[in-house]
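**Student:** Listed in order, the protein sequences are those of chains A and B. Sequential numbering from 27 applies to the first sequence in our numbering. Sequential numbering from 27 applies to the second sequence in our numbering.
Hints were generated in silico from the structure; no laboratory data involved. None of the values given here were measured: they were computed from a predicted structure. It is possible that some hints are incorrect.
Pairs count within a copy or across copies, as identical chains cannot be separated in the list.
Unchecked claim - Taking lysine to aspartate or glutamate and the EDC-like style, the derived pairs with C-alpha atoms no more than 20 Å apart in a straight line are:
(1) Lys174 with Glu137
(2) Lys174 with Asp42
(3) Lys174 with Glu223
2 protein chains.
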Amino acid sequence: MERGSPFQLECPLPLDEYPHVLLAHGGGGRLMHMLLERLFFPALGSSGDHDGALLEVGGVRLAFTTDAFVVSPWRFPGGDIGSLAVHGTVNDLAACGARPLALATAFILEEGFPVESVWEVARSAGEAATRVGVPVVTGDTKVVDRGKGDGIFVITTGVGVVPEGVDVAPARARPGDVIVINGFIADHGIAIMSVREGLAFETTLQSDSAPLHDLVAAVLEVARGQVHVMRDPTRGGVATALNEIARVAGVGIELDEASLPVRPEVQGACELLGLDPLYVANEGKMLFVIAPDVAEHVLEAMRGHPLGQDAAVIGRVVDEHPGRVVMRSRIGGRRVVDVLSGEQLPRIC
Amino acid sequence: MERGSPFQLECPLPLDEYPHVLLAHGGGGRLMHMLLERLFFPALGSSGDHDGALLEVGGVRLAFTTDAFVVSPWRFPGGDIGSLAVHGTVNDLAACGARPLALATAFILEEGFPVESVWEVARSAGEAATRVGVPVVTGDTKVVDRGKGDGIFVITTGVGVVPEGVDVAPARARPGDVIVINGFIADHGIAIMSVREGLAFETTLQSDSAPLHDLVAAVLEVARGQVHVMRDPTRGGVATALNEIARVAGVGIELDEASLPVRPEVQGACELLGLDPLYVANEGKMLFVIAPDVAEHVLEAMRGHPLGQDAAVIGRVVDEHPGRVVMRSRIGGRRVVDVLSGEQLPRIC
Numbered sequence: 027m028e029r030g031s032p033f034q035l036e037c038p039l040p041l042d043e044y045p046h047v048l049l050a051h052g053g054g055g056r057l058m059h060m061l062l063e064r065l066f067f068p069a070l071g072s073s074g075d076h077d078g079a080l081l082e083v084g085g086v087r088l089a090f091t092t093d094a095f096v097v098s099p100w101r102f103p104g105g106d107i108g109s110l111a112v113h114g115t116v117n118d119l120a121a122c123g124a125r126p127l128a129l130a131t132a133f134i135l136e137e138g139f140p141v142e143s144v145w146e147v148a149r150s151a152g153e154a155a156t157r158v159g160v161p162v163v164t165g166d167t168k169v170v171d172r173g174k175g176d177g178i179f180v181i182t183t184g185v186g187v188v189p190e191g192v193d194v195a196p197a198r199a200r201p202g203d204v205i206v207i208n209g210f211i212a213d214h215g216i217a218i219m220s221v222r223e224g225l226a227f228e229t230t231l232q233s234d235s236a237p238l239h240d241l242v243a244a245v246l247e248v249a250r251g252q253v254h255v256m257r258d259p260t261r262g263g264v265a266t267a268l269n270e271i272a273r274v275a276g277v278g279i280e281l282d283e284a285s286l287p288v289r290p291e292v293q294g295a296c297e298l299l300g301l302d303p304l305y306v307a308n309e310g311k312m313l314f315v316i317a318p319d320v321a322e323h324v325l326e327a328m329r330g331h332p333l334g335q336d337a338a339v340i341g342r343v344v345d346e347h348p349g350r351v352v353m354r355s356r357i358g359g360r361r362v363v364d365v366l367s368g369e370q371l372p373r374i375c
Numbered sequence: 027m028e029r030g031s032p033f034q035l036e037c038p039l040p041l042d043e044y045p046h047v048l049l050a051h052g053g054g055g056r057l058m059h060m061l062l063e064r065l066f067f068p069a070l071g072s073s074g075d076h077d078g079a080l081l082e083v084g085g086v087r088l089a090f091t092t093d094a095f096v097v098s099p100w101r102f103p104g105g106d107i108g109s110l111a112v113h114g115t116v117n118d119l120a121a122c123g124a125r126p127l128a129l130a131t132a133f134i135l136e137e138g139f140p141v142e143s144v145w146e147v148a149r150s151a152g153e154a155a156t157r158v159g160v161p162v163v164t165g166d167t168k169v170v171d172r173g174k175g176d177g178i179f180v181i182t183t184g185v186g187v188v189p190e191g192v193d194v195a196p197a198r199a200r201p202g203d204v205i206v207i208n209g210f211i212a213d214h215g216i217a218i219m220s221v222r223e224g225l226a227f228e229t230t231l232q233s234d235s236a237p238l239h240d241l242v243a244a245v246l247e248v249a250r251g252q253v254h255v256m257r258d259p260t261r262g263g264v265a266t267a268l269n270e271i272a273r274v275a276g277v278g279i280e281l282d283e284a285s286l287p288v289r290p291e292v293q294g295a296c297e298l299l300g301l302d303p304l305y306v307a308n309e310g311k312m313l314f315v316i317a318p319d320v321a322e323h324v325l326e327a328m329r330g331h332p333l334g335q336d337a338a339v340i341g342r343v344v345d346e347h348p349g350r351v352v353m354r355s356r357i358g359g360r361r362v363v364d365v366l367s368g369e370q371l372p373r374i375c
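Whole structure, please, built from the sequences with the hints as guidance.
**Tutor:** Spelled out as structure tokens, the structure:
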């Protein structure tokens, strides 16, 4: 052991309990949180928000975010890994309040994967970026031997500009705020699972994968400084995202079950698969924590946008039970909505 | 077929010749170049330099670069995938003339990989970043099923600031310029190969993996606008990097075999393995194409730096044979140093 090393030598995560990486370590739940807080953050000397960081350059605030996409299967109803990667990164920037400025894409290809599928994914990413109006300015490509990858992984990194007057952060949630979402939850995760499990429904369930920069800009336009937190509820779903906000801000969150927008066919699939839609990943949804006096304006702005027509107030921030999310059920009962240990669905994004 | 779609529908890369991804598609040679030029660039609407891009924000020039690291084995003499990822990204920024500002790291872990090894890699990346003085500000972690990955992949993205007066680009190489490198070539690739092939040498060959931001700053300090091109010769080695410069700038490049710094043990390993050190990857080397009148000052500055003690002038830019690199051998012969089709060494970075 080097004495006086500036670097921590022992892993702060106890290695005897989970000596090997589990799928649940990537699931957005408690195990992943532990891996971040007790391994990656101390190792990397980083303690920031894992979803995106702010940099100050020449008097401009930049948002910076990276995401690795390993979704299986890579093509699914409503999208594919290429468009998903672009939308996911654009949405992470949007959650920081940033307008997208440029993207970088890295591809890890497995030997033997069809070149035509590489074209399909790359074109899908390119089209998604063009629709958003953000250029892909740089990238990288690596190939791994057969059996050492899974067809294609896409890693996107985004840089965006945060306009003046915008100041969003999980810690800014305060009692009295209301929680708004722009539409139906759990569509993405259930679309993936229905393909994986070979489930047939009367209608095809589609992923909600979509870029939310424009919807977010519309909301900021009417509410600007009154938007306290934005969060895209991807891995771990709405429940995990709200728990994170409650924990960081030290506030309670109360959800109203009756107001949660869930499609009947998604609810049905969840029951079949034993899943709770609150924990299922979304890829075209944003949670907004806003001051109550702008709620009407925000809802109006969202409903005037193609991606916000089913927007709803789903809960509020309270003084009680700080750090916890509590659901008020349809019949008036209350239950704690906790963070799961692993996740319900591996490789969903 | 959608008529009038703004997007190209047919893959411009002929799919019948190579219908499936080959390891050589990631090797830095001709096949990879084709994949970039005829698939990724048209699909992504990107035509820029694959190694890094410049963005203008608030009057500041930013460099932006991303790299996926899939080196096998992940631990090797002189480094590991964690420090390699940080050094590689810092060096890509340095090659743009940029000082590193912030890094993002994404990890793709395979189920079953030891958590202790994750700690070793993450700590190594964190230490490398600390030594460079660049913070890791954001990241992502994904886990894939056993057999769908290879232990650990690390994807790093960097943002850097290009100081005023610095203007480097491959197209700026001009006849009369001299080509300088900061030390011995091929160390990284041979260190990896000697582990993979189980070769035993009298001394352990070490990777040259190192961050070059500080050396580059020292060179720019003495030569600033007279540094025309910088390029880190990683995949594909010195030969491939120089071919790229010759092609883009439309100039010829003449190399002098006798002045190429190759360690005897690396030369020996290359002969044993049937490799040409000119094509073997480096991870701590930079090629500088500079005006001849600053060559002495640049060499002096480099030799005064720990990472430039073995700096040498290895060739020059000429009017003749535009687009080609020609080697003048020790005995006075001349041979064309072409781009290889695939690569000599898969998964070297």
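**Student:** The structure should be examined with respect to each hint, and the outcome stated for every one.
**Tutor:** Hints, verified against the model:
1. Taking the shortest Cα distances, Lys174 and Glu137 sit within 20 Å of each other both inside one copy (9 Å) and across copies (12 Å).
2. Within a single copy, Lys174 and Asp42 get their C-alpha atoms no closer than 27 Å, and across copies no closer than 25 Å, so neither meets the 20 Å cut-off.
3. When the C-alpha separation of Lys174 and Glu223 is checked against a cutoff of 20 Å, the pair qualifies only between copies, where the shortest distance is 19 Å, while the shortest distance within a copy is 24 Å.
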